[in-house]
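Number of protein chains: 2
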Amino acid sequence: MYQLTDSIYTTNSWNIKNKKVDKDQIINNGSIFLIGNGYMGYRGTLAEWNFDQYVGCFITDTYDKADNKWKELCNAPNPLYTKLKIGGESLSVFNNEIREHNVQLDLRHGVFKRSTVLKTKDNIEVQIESERFASLANLHLLPMKYSIFADKACNVKIKTGIDGRVWDLHGKHLEKYKTFEEDGLLSVQTFTKEKGIELDVVTKRIFPEDIKFNYTLNKTHNSIYEVLEFNIKKGEKFTFYNIASIYSSNDVEKPLKNARVNCEESYVTSYINLKKENNKLWDELWKDIDIKIQNDPINQTALRFNLYQNIIATPMHSQKLPIGARGLSCQAYQGAAFWDQEIFNLPMYLFTRPEIAKNLLIYRFNTLGGAKDKAIKLGYEGAFYAWISGKTGQELCPSYFFKDVLSGREIHNHFNDWQIHVSPDIAYTVWYYYKVTGDFKFIIDYGAEIIFEVARFLYSHSYYKMDKGRFEFIRLLGPDEYHENIDNNAYTNYLSKSVLEIAIKIYYKMNRENKKKLERIMDRIDLKEKEIIDWEKMKENLYLPEINNKNKLIEQFDGYFDYEDTTPHILKKRLLDPDEYWGWPNGVAVETQVIKQADVIQLFCINNAFDRSVMEKNYEYYEARTQHGSSLSPSAYAIIAAKVGLKGEAFDFFKDSLFIDLDNKNKSISGGTFIGGIHTAACGAAWQIVVKGFAGMEILSGGILFKPHIPKRWESFTFKIKYMDQKFRVQINHKNIIINSLKNNDHFVYFTISDQRYKVNTGSSKIIDYRKDERQVKEWSNADGGKKQ
Amino acid sequence: MYQLTDSIYTTNSWNIKNKKVDKDQIINNGSIFLIGNGYMGYRGTLAEWNFDQYVGCFITDTYDKADNKWKELCNAPNPLYTKLKIGGESLSVFNNEIREHNVQLDLRHGVFKRSTVLKTKDNIEVQIESERFASLANLHLLPMKYSIFADKACNVKIKTGIDGRVWDLHGKHLEKYKTFEEDGLLSVQTFTKEKGIELDVVTKRIFPEDIKFNYTLNKTHNSIYEVLEFNIKKGEKFTFYNIASIYSSNDVEKPLKNARVNCEESYVTSYINLKKENNKLWDELWKDIDIKIQNDPINQTALRFNLYQNIIATPMHSQKLPIGARGLSCQAYQGAAFWDQEIFNLPMYLFTRPEIAKNLLIYRFNTLGGAKDKAIKLGYEGAFYAWISGKTGQELCPSYFFKDVLSGREIHNHFNDWQIHVSPDIAYTVWYYYKVTGDFKFIIDYGAEIIFEVARFLYSHSYYKMDKGRFEFIRLLGPDEYHENIDNNAYTNYLSKSVLEIAIKIYYKMNRENKKKLERIMDRIDLKEKEIIDWEKMKENLYLPEINNKNKLIEQFDGYFDYEDTTPHILKKRLLDPDEYWGWPNGVAVETQVIKQADVIQLFCINNAFDRSVMEKNYEYYEARTQHGSSLSPSAYAIIAAKVGLKGEAFDFFKDSLFIDLDNKNKSISGGTFIGGIHTAACGAAWQIVVKGFAGMEILSGGILFKPHIPKRWESFTFKIKYMDQKFRVQINHKNIIINSLKNNDHFVYFTISDQRYKVNTGSSKIIDYRKDERQVKEWSNADGGKKQ
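First to last, the protein sequences are chains A and B. Counting in this note's numbering, the first sequence runs from 20 upward without gaps. Counting in this note's numbering, the second sequence runs from 20 upward without gaps.
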């Protein structure tokens with residue numbers, strides 16, 4: 020047993036467990052013990068709970084606006100609700116004496132288990148056991164097993180069914196409830212208020228045949244329950260199964276019918292077999308995605324927890340849906356995608372299950388319409404991707420995101436109109452996908468159009484400064500969100516230049532190799548050759564905040580260094596209210612050098628063209644000024660700390676990042692807005708810290724570079740990567756890197772280690788002592804591929 | 020007797036009077052009853068008062084920072100202090116019964132008079148009479164006459180001298196006081212804290228020789244008094260004269276000596292003669308500046324009050340000093356110049372005393388260094404004039420001007436870095452001066468350099484939008500200060516285009532006519548021919564917010580019309596604190612169409628190229644949304660209302676503007692900052708409302724246009740103007756305009772009335788019926804002079 024946090028431990032590095040019922044932690048544990056499959060996320064709550072304990076089952080693709088508030092995913096009526104009475108006494112972990120309580124999440128197969136022994140007033144000890152999973156094999160299916168057992172003979176009353184009393188963040192989304200029983204199935208049919216999306220929940224409960232019980236059906240306007248009353252003997256175990264299915268009219272035309280059929284068909288398969296089907300797919304996923312650490316069970320578990328959360332947040336089944344910033348753990352951030360998706364969540368898939376990365380990028384292709392609408396609306400051309408992107412790609416980010424807690428007035432934040440880097444983030448990732456997979460067909464079919472439209476947007480957003488002879492970006496927010504209304508953000512400008520290079524490169528490559536297809540794209544999006552010339556001019560003359568010759572620092576944006584140089588610690592003392600937003604327009608950080616999160620450092624995670632000394636100096640400078648008020652921050656610092664050889668700091672930030680949710684360090688409320696739930700970006704970043712940070716992986720123009728910095732405490736770590744459709748297992752210890760080309764590979768790949776290039780043939784292995792040389796190999800990982808200093 | 024306000028009345032349209040001692044009005048009346056001469060401003064307080072009653076004598080050219088707060092003008096020790104005891108009882112208007120009280124300001128000669136009858140506890144009625152003026156003939160001189168008179172024999176104790184207990188807004192400016200008596204002169208020598216400017220006050224009191232008194236000298240660290248004790252008989256009048264003189268080391272090398280000599284020399288001249296010298300100069304000023312209104316004594320008086328305040332605010336004697344936004348009435352706005360100087364204060368002089376206008380513009384020439392420093396500091400080229408400009412032209416405007424009264428935090432306003440229009444305002448006025456005077460020598464000696472440097476600044480500030488093929492101005496504040504961080508402000512963009520045209524025009528004119536002098540300027544400021552080509556490109560392609568074809572509206576800035584359309588009245592209800600600042604960053608007006616003051620309408624006051632229908636539609640639209648939170652606002656609306664023929668509204672705004680200080684409608688505190696005192700811009704604008712509004716004067720390329728809209732109530736109004744060194748008296752009644760070319764003129768001038776051009780010869784008059792034709796004559800008044808539609 021290894022304790023991960025005060026209340027969470029693991030027994031085998033594949034599970035997390037919790038023994039306490041801590042009222043204050045219910046909202047966090049609901050997220051931490053989440054099960055899901057990318058279609059639904061079911062919070063880690065107990066079967067007898069309701070909205071008071073933040074019960075939620077969030078369904079993908081159900082974006083809807085409730086009561087004219089924010090558009091967000093809907094929470095389905097809870098089909099697993101089960102409440103127990105013993106001898107007429109309603110059992111509750113809050114009121115009854117708890118003799119034993121165990122909650123467990125099996126990360127390997129996404130199974131939630133609960134076991135509680137409660138003592139009644141009559142001194143009966145009752146054990147409740149339940150288990151549930153959101154099937155990876157059947158995404159609409161939510162099976163549960165529920166047992167009770169008492170140490171004395173007693174009367175039992177179980178109320179179980181579909182409970183409408185679920186948690187909603189911004190108003191009630193569902194209306195027109197229809198609750199009914201038919202053919203042994205309980206159903207709740209309902210519709211969303213704004214769009215009228217039908218969202219139906221059907222459940223079938225399989226009760227044991229050997230126990231006789233009184234049966235009643237109990238209905239309210241939004242719930243339907245079966246109530247069973249019976250007597251059990253001492254030591255007799257009562258177990259029932261519950262097969263629930265959820266469909267929306269965005270999934271199928273007839274959601275109710277589908278849910279019913281799904282339930283009936285699944286019911287025929289036994290619970291055990293449903294679980295087997297689920298487990299098999301999980302086993303296959305982990306085979307590709309798992310990272311094994313020798314000698315560090317706590318961080319091994321936390322790492323798997325993060326990978327797990329990244330997996331269940333991802334709509335792997337779809338090319339039309341995004342990864343929510345909080346996955347499917349709650350409605351915060353509207354269940355929709357930020358730049359997090361490409362920069363934080365996606366790389367794990369890109370190197371392990373590139374087809375999932377592709378799906379996510381096709382989602383961006385499918386939402387080009389929304390991005391183009393947004394651009395037009397704001398006076399630009401091309402694709403300005405939504406800061407918060409749901410299904411259609413229309414901007415979901417409210418203009419008034421936070422509140423001034425001192426005055427109670429809403430704050431007009433400019434995430435949705437000034438934070439433009441999301442567009443180059445996506446375009447860059449499209450190209451990154453190609454660099455890793457070699458899948459130029461994807462570029463032709465989808466990527467080119469995204470990249471062209473983004474280049475077009477960047478051009479139309481830029482200003483040319485005649486007197487300085489350069490293009491600039493004016494009035495931005497960079498990744499560091501505490502500084503709005505800034506010019507020439509290093510991250511945005513460097514990245515935009517890369518994207519312009521990529522766009523030009525694709526244009527000329529297609530012009531040579533796929534001329535007709537290029538013409539078709541140009542025709543479709545009305546792209547003129549002159550625009551490519553414009554992009555070339557802009558690429559040549561786009562202002563990039565320079566590396567200062569003396570101190571090697573890159574200024575985060577124009578004038579940043581002129582701001583008050585202080586620390587997050589000092590700023591905290593200036594708060595008049597702990598919930599104050601630190602940023603725009605007059606939060607405590609606005610006119611200081613204190614930043615919310617990695618910005619220049621984030622740039623280094625994406626662009627490998629910077630010298631180690633530059634990374635090191637900037638790391639030192641910015642880290643001291645970073646509040647890490649964003650869950651996106653520690654991972655970037657971890658990666659760059661590792662890359663510059665600060666192993667201890669890298670490991671500390673790695674742990675910080677891994678434990679963001681487990682420790683619940685990040686606050687749930689900022690500027691009056693709930694922002695809790697699972698920080699899926701950090702979950703995705705966990706993979707990157709290990710592979711890009713500790714293994715030091717960079718993609719070169721024709722191969723892969725590793726420059727390991729293994730944490731001291733680890734004996735070794737092992738992960739898999741897929742590159743150009745070839746799978747490799749990579750193991751790194753304190754001396755060697757061992758690269759295995761797996762069986763089914765069909766061609767060799769070059770690996771660069773310590774400045775030396777190694778050819779690793781199909782099915783073979785290479786053991787390379789990476790300590791030989793500490794010199795650096797520099798290369799662009801994005802546009803050009805050519806060596807640059 | 021005509022009542023101007025509740026408490027202020029006039030007896031002859033040349034004075035204002037007040038009979039009440041109202042504690043709440045002391046601060047306002049101190050400003051209203053101000054005397055001054057452009058060198059000093061002495062507040063309208065009683066001789067026995069001190070800082071508690073906001074006593075102040077503000078001295079020009081003494082900008083200094085106190086206690087590390089704001090740089091502002093200094094308040095000299097008060098040399099007129101005189102306190103009375105009768106029978107041991109200290110007399111006070113607050114404690115004694117007031118039998119009679121009269122305070123009067125003689126506007127014609129700038130003389131303050133006071134007469135008070137107080138009753139002592141012993142039932143003695145004591146009359147105090149005093150009179151003072153700040154000499155226009157001897158700017159350092161502040162003579163006073165003081166008498167007492169009692170209805171019973173009594174013992175009198177008079178304490179009179181230089182009192183250091185004066186009002187300071189932001190900390191104590193003076194230190195190292197030296198107080199002494201020598202040769203019958205009392206002196207206080209003192210130094211400013213920051214710059215060590217020596218500021219000395221010397222006073223000589225001339226007591227009557229026929230009354231015997233006990234004499235004591237009384238000194239504190241910052242004050243020196245003479246104390247006289249004597250008995251007077253019933254009905255006996257005791258009068259003394261006080262000749263005070265004030266000098267600073269910025270005036271002369273030895274201020275103390277100069278003050279002493281000045282005192283001694285003036286003392287030889289009798290008080291009566293000093294007054295005569297003063298009155299004579301005033302009479303001459305009024306001969307040129309006065310506007311006579313037939314049949315409206317109240318507004319006649321108020322108008323004269325405004326002209327008077329504009330006069331005493333102006334450092335007419337200097338080419339190195341500005342007009343403060345509050346003149347010399349207090350330290351608010353730091354005693355320094357805003358754009359108000361050129362756009363509001365100066366035109367009155369330009370058409371009556373152009374040499375004073377010239378001085379003010381030479382001040383801008385002399386502060387080019389400060390403007391260029393500011394430009395460099397903010398990353399621009401050329402001259403970016405200070406938003407608040409003292410002697411050196413260095414920026415005095417604090418970055419943190421207002422306070423968020425809800426949180427107590429300072430607000431970072433951007434008056435000093437984003438409100439760029441001050442530079443084109445000045446450059447435009449330089450050209451305007453030339454258009455009215457024909458003084459091209461001034462352009463060669465001073466104006467060209469100002470205009471070139473401003474054009475240079477505008478070019479370096481602008482951005483070129485490649486995709487739209489146009490220059491833009493980004494991140495501005497226009498005249499309407501509630502909207503910061505806006506793009507393409509109509510006022511700024513139109514005006515800037517005019518200035519570019521002017522710069523180009525001057526360049527080519529000098530290139531033809533004054534090539535060597537042009538070369539010398541170009542050499543001195545390192546101006547390249549290429550820059551003129553750049554300006555031409557910019558002029559051609561500078562984006563101007565268009566007149567909407569349908570509704571004729573001009574958008575105040577990009578996106579203005581998208582803001583919430585509401586009214587000042589509604590916004591007022593949203594205030595959480597009455598002192599809240601309405602503007603940046605999150606005041607109630609920021610995201611609405613409510614504006615603080617005229618902006619597009621102000622543009623029409625400067626640029627005559629807009630059709631009447633355009634002015635009319637915009638007037639209607641913007642007026643409904645204007646809070647008139649600035650004293651600069653009503654005058655612009657008055658002028659444009661008059662120009663479009665809305666006589667009633669024009670007259671209402673005229674009165675609003677005239678009574679801004681008399682009525683004390685504008686609040687003294689906004690966002691925690693004292694902004695009271697005399698609104699000199701409105702005072703200067705009063706002249707413009709009459710001449711540009713009611714007379715409809717516009718300057719054409721070769722002459723003057725009048726298009727009168729006389730207020731209904733007036734029989735006629737008469738004013739003088741000087742144009743091309745020719746003086747004219749213009750009288751307008753409801754039918755005719757009568758133009759008299761005065762005696763000493765030496766050439767004819769063309770006047771355009773109702774689309775017809777009239778030649779008015781030297782010494783002749785023309786009576787023209789202006790009602791014939793209501794058609795408009797359009798012409799640019801600034802750069803081009805050519806007719807434009």
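What the hints contain is simulated information worked out from the structure, not anything from laboratory work. Check the hints yourself; a few may be wrong.
No copy labels: a pair is met if it fits in one copy or bridges any two.
Straight-line alpha carbon distances no greater than 35 Å define the calculated DSBU-like cross-link-like pairs of lysine-lysine that follow [what the hints assert, rightly or not]:
hint, residue 1, residue 2
1, 487, 535
2, 487, 528
3, 38, 195
4, 339, 256
5, 195, 164
Okay, the hints, checked on the actual structure:
1. 487 <-> 535: between (40 Å within a copy, 30 Å between copies)
2. 487 <-> 528: both (32 Å within a copy, 29 Å between copies)
3. 38 <-> 195: Intra 40 Å, inter 75 Å, cutoff 35 Å: neither.
4. 339 <-> 256: Answer is neither: 45 Å inside a copy and 100 Å across each miss the 35 Å cutoff.
5. 195 <-> 164: Within one copy only: 30 Å inside a chain, 90 Å across chains, cut-off 35 Å.
Hint compliance for this structure: hints 3, 4 are broken, all remaining hints hold.
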